[in-house]
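J.: From first to last, the protein sequence lines stand for chains H and F. Take the first sequence: its position 60, counting from 1, is numbered 60 in our numbering, and each next residue is one higher. Take the second sequence: its position 67, counting from 1, is numbered 67 in our numbering, and each next residue is one higher.
There's no promise every hint is true.
Identical copies go unnamed one by one, so any copy, or any two together, can satisfy a pair.
Lysine to aspartate or glutamate pairs mimicking EDC-like chemistry, simulated, CA-CA at most 16 Å apart [what the hints assert, rightly or not]:
| no. | residue 1 | residue 2 |
| --- | --- | --- |
| 1 | 67 | 27 |
| 2 | 85 | 19 |
| 3 | 67 | 50 |
| 4 | 85 | 72 |
| 5 | 85 | 15 |
| 6 | 35 | 19 |
Because the hints were derived from the structure by calculation, they are not lab data.
Number of protein chains: 2
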Amino acid sequence: MFDALASGSRRLILDELADRNGQALYELCARLTMKHGLNLTRQAVSQHLDVLEAAGLVRSVREGRYKFHYIDTGPLEEAMRRWDKTTREGE
Amino acid sequence: MFDALASGSRRLILDELADRNGQALYELCARLTMKHGLNLTRQAVSQHLDVLEAAGLVRSVREGRYKFHYIDTGPLEEAMRRWDKTTREGE
DNA sequence: TTGACAGGCAAGCCACCACTTGCCTATTGT
DNA sequence: ACAATAGGCAAGTGGTGGCTTGCCTGTCAA
Numbered sequence: 001m002f003d004a005l006a007s008g009s010r011r012l013i014l015d016e017l018a019d020r021n022g023q024a025l026y027e028l029c030a031r032l033t034m035k036h037g038l039n040l041t042r043q044a045v046s047q048h049l050d051v052l053e054a055a056g057l058v059r060s061v062r063e064g065r066y067k068f069h070y071i072d073t074g075p076l077e078e079a080m081r082r083w084d085k086t087t088r089e090g091e
Numbered sequence: 001m002f003d004a005l006a007s008g009s010r011r012l013i014l015d016e017l018a019d020r021n022g023q024a025l026y027e028l029c030a031r032l033t034m035k036h037g038l039n040l041t042r043q044a045v046s047q048h049l050d051v052l053e054a055a056g057l058v059r060s061v062r063e064g065r066y067k068f069h070y071i072d073t074g075p076l077e078e079a080m081r082r083w084d085k086t087t088r089e090g091e
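Work out the full structure, taking the sequences as your base and the hints as a guide.
T.: Shown next as structure tokens:
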């Protein structure tokens, strides 16, 4: 989870998916380069997406020759409560 | 910020501070070893605290020969809104 | 059917980071 | 005063994660 967010590139990928959800790999690469000046190989982005998906932050659906990616902030909100006082009131 | 949370050891340190706030360095080392089985050098913990403090997640006050550390979840809540849909409603 | 497009697999390189070791300073108690 | 305690500084090491390169598979359009 946190390890998935440790990389700035992955955070940018999440930014991009938050901005326009359901992008394919190819599309992501293009937009990352255009809008964020991030010059990454397709493989690099693909590996990042694997990590994000393993962390549950991204879900992907394969359709034909495309693979669409969707952001999921669920695990995020969950993990952020870790040091939240209000969730540990028995103290 | 996120880089500060990238390390599991640092997350444990935050856990410890959340459990008992205002600990000194040596106290943290002791409790981390006892309760979490984390065998770290004092220097290691010190360096982690530096990182956490640079990220604004921990504040420290030097008193005599002690340096007390306090957790601050402020930047945390801030950063978590990054991919939160409700904060970017103009879409 | 064949070429272009979208994606996957595997191995290798490199820099950074977590952690240690060794030594030094400052504060406290007796 | 001086020994013990609490902490700091700096340099070194090992592992791993981010990224690349090279090649292979699958899908669509003409």
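J.: Please go over all the hints and tell whether each is borne out by the structure.
T.: Each hint, compared with the structure:
In this assembly of identical chains, the alpha carbons of residue 67 and residue 27 lie at most 16 Å apart only when taken from the same copy (10 Å versus 50 Å across copies). With identical chains, the CA atoms of residue 85 and residue 19 are at most 16 Å apart between copies only, with a shortest distance of 9 Å across copies and 31 Å within one. In the homo-oligomer, the alpha carbons of residue 67 and residue 50 lie at most 16 Å apart inside one protomer (12 Å), although the nearest pairing across protomers, at 42 Å, exceeds that limit. Taking identical chains as interchangeable, the C-alpha atoms of residue 85 and residue 72 lie at most 16 Å apart only when they sit on different chains, with a minimum of 11 Å there against 24 Å within one chain.
For the identical chains of this complex, residue 85 and residue 15 are inter-copy neighbours only, at 11 Å across copies versus 28 Å inside a copy, given an alpha-carbon limit of 16 Å. Proximity of residue 35 and residue 19 under a CA criterion of 16 Å is satisfied intra-copy only: 11 Å inside one chain copy versus 42 Å between copies.
Of the hints listed earlier, there is not a single one the structure fails to meet.
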